[in-house]
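Novice: Each chain is listed here by its residues.
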Amino acid sequence: MLQGKQEPRQITMNLERLPNEEKLSLCRKYYLGGFAFLPFLWLVNVVWFFREAFVKPAYTEQLQIKTYVKRSALGLLLWVAVLTTWITIFQHFRAEWGEVGDYLSFTIPLGIP
Amino acid sequence: MNVFLLVRDKGCNFPFRFSEYLKPHKFVAEIQIFSLYYVVLVKAKIYVHLNYTVPCVRLLNATHQIGCQSSLSGNVGVLHVLESEDNLDWVLKSGPNPPYLVILESPLFTRYSEHLKNGSRRVAGVVVVAPNANPLEAFSPHTTCPNENSGVYSEDYDPALAHCNVTVWNPFGNGLAYEEFDFPIFSLKDDNDTHVIRQCYMEHNRAVNGSTPQYPLCAMQLYSHMSAVTNTATCMRRNDIDFSISPEMVCDPLGDYNVWASTRPINNTAKGHKMWESVVIAAARLDSRSFFFDIAPGADSGVSGFVTLLAAAHALRNATQEAPPNRTILYAFFQGETFDYIGSSRMVYDMQNNQFAVDLDNVHSVLEIGQVGLHTESKLWLHSDPVSRKNSSVLFQVRKLIENLQSAAGGLNISMDEPSVSQPLPPSSFQRFLRARPIPGVVLEDHQSAFSNRFYESMYDNAEYLNISYPPNMTPEEQLEFVTDTAKALTEVATMVAKALYMQAGGSEPQLSSIKADAQIVTRLLYGFLVRSNNSWFQQLIPSDLMSHLGKLGYKPTNFYVGVTQQSSEPTLLVQHLLANLTGSTVNITQENCQNQREDENDKENKHMYYYMWVQGAAPPNSTQREGFCIRSTVRLSKALSPAFDMREYTSKDYSTWTESRWKSIKGRIFLVASHDLEMLTLGVGIAVLLTSLLLTYVISSKADMLFSSGREPTNATY
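As given, the protein sequences belong to chains F and Y, one line each in that order. Going by the working numbering, the residue at position 49 of the first sequence is 49; the numbering climbs one at a time, nothing skipped. Going by the working numbering, the residue at position 365 of the second sequence is 365; the numbering climbs one at a time, nothing skipped.
Source of the hints: derived by calculation from the structure; they are not laboratory data. Any given hint could be a false lead.
[As the list claims (entries may be wrong)] Calculated from the model, a selection of chain F residues having no Cβ within reach of chain Y, i.e. all distances over 12 Å:
1) E21
2) R28
3) F37
4) R51
5) K70
6) R71
7) W86
8) Y103
9) S105
10) T107
11) L110
12) G111
[What the hints assert, rightly or not] Examples of chain Y residues lying across from chain F (beta carbon under 8 Å, computed):
13) L217
14) M226
15) S227
16) N239
17) R317
18) L480
Even for Gly, the Cβ is constructed at its ideal location relative to N, Cα and C.
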């Protein structure tokens, strides 16, 4: 089928183009979403809004954004700490735990205890 | 893993993967074909694959893992042909290019296995070259006390007899086959492959006058990665865990089928006790093992016994049909006996639980034919159990059985004797019956105390060891019919066993003289099991759909390793069909009725009593079309799977818990490796070229306006 050449859809994910109120609401959404056991949202939030929160010259919503970014970072750090600890413990003791270790595993490596 | 290999491998895989992402296009297809060709060519140039690889594999039981394995990507090592002890020092200490892949003759392996095992950080793997002739010194990779903990002689039964305290049955046993090695061990025949390997070693790796050999060196890679680990409980549990995306089985229980038949048909549909039935069990074991996975000739340890029993069953066919004795003789061929009596323990378990055609109350006595292939000066030994003999009625029955055996030997060239009164039974299936209850029984063996078999459960327990040899220049057909001295000797034993069984079953005296085993049958059986399975006689006696099994065995001796329960092994199928042909009778019915287990369309009864099999028969002289016929016999198969797996007791102390690990690929190849420095240099240059090209591309694209300004002008001109 012949079709006219389509223009690529404009992706408006550039924070620069958003008005400040929308930035705040977006940051807030990501922050709240993170509580649903989704630490990656917090990670995205921190990376994405870091400039807005700490580098950009001050504006009205910046204080709130700062709070959200800080809290997101804190939550993320907590997650990282917990996951790292658990993964270390699990990898170290999986073989020793025997039955329990096997039932906790999603894929069991072949040929090693 | 060496980089050289890695780089080459990547280079080969890349075109495949790359092309998957491209749309089919003629040009791409051409590239693909070209690169595929290139890959094949490069691979063929780099690697020499080994044709005949026999690995040692991992087995597991309730507490241990035994056997060998490689890493997932195969173990790579610089080849080293070990010829003497100072060479060993090179491998374990002084050699500059560890790890080494050691090639040695099998007697040396026996001697150095412990050193190699301990120095496993410098040993990538071992290739054992099997000699073409049997060694002079004894060799048995089995333990000194076979099936030590699964026989009847436990601490509870008689502490004095437990753990082979009285007799060490297999004094030459070094236990190699029950050890664990953390590197792969392969066996190679002394032929073309080993010649190539030796040549590669001589050309590249041999240190001349104490100098260190120069790169490139000849290396070998062995793959035998095993999926299961630790013990049976662990691997059976992992078999059951299936919430992963691709559930994967890691191990399977060892097991197969027992073959049994009776002189009088016994209803096999109605299980449990049979009123007025009294059976004399004549037993032999079918399986054997060696250190390596698919070599288990078991000539003396298995074949001599069951061939004798098959011949005896054949000798009894007419007598038991014309003048049936009072008792029924039940021939039983047990599978998996090497691994803690899998077959016999299962049959006893089934008898106890009314899952077998008869139960233990029906069993009158047991006569087991053990190793009988090596009776020097025609002397056989009648072993019985000293503990159950304390019971006077058992003692009386045992004495009677021994009397029957001795009177059966009258007129034959066999003498028989009993070992000392206090000596326990040798490892035998009968021990599992005694574990259940004191049943009178005798085990017939060619040894008084320790085995006379010096190659017990090894690859040398073969036709050569039993002195089965043929005059030179004989065709396979002539060899099949040639009656060897071994066959003559075993025929005598078979005749004696048949007569004794007939008397034991209460048969009439006048018939005795007509019972005679056929030397022709014995020699064919020995030829078929020990020299060449795929022979014209075996072909006649099996259904056509088993021809592929026979073809797989080819011109080699049969492998008697029991294997896993998933498939019936060739020995079981062969013995099943041979026993049917030797004890059954031909019935004149159609192939369809035969295969549907009935004599005519309305017959619904006979299938409970008989088993019908349509065998392909022989082709008449002037035709190529085989003329099949129907055999009616009482031959049945019964499960030889350890009850531990039905009860899911994977740490059972009463029943066998042996499992075999699964694996993905077992192969070996040799190739040349470059020095580590050269490998690193190659990698470094590769990375440098990549980075330079990236940089260049960046520079060119950023300065494109400048560089390609003249080229752009025509497009600009169209405005």
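Novice: All hints, please: hold or fail.
Specialist: So, going through the hints one by one against the coordinates:
no.	hint	in the structure
1	E21	39 Å, holds
2	R28	37 Å, holds
3	F37	20 Å, holds
4	R51	26 Å, holds
5	K70	38 Å, holds
6	R71	36 Å, holds
7	W86	19 Å, holds
8	Y103	7 Å, violated
9	S105	8 Å, violated
10	T107	5 Å, violated
11	L110	4 Å, violated
12	G111	5 Å, violated
13	L217	28 Å, violated
14	M226	5 Å, holds
15	S227	4 Å, holds
16	N239	10 Å, violated
17	R317	51 Å, violated
18	L480	44 Å, violated
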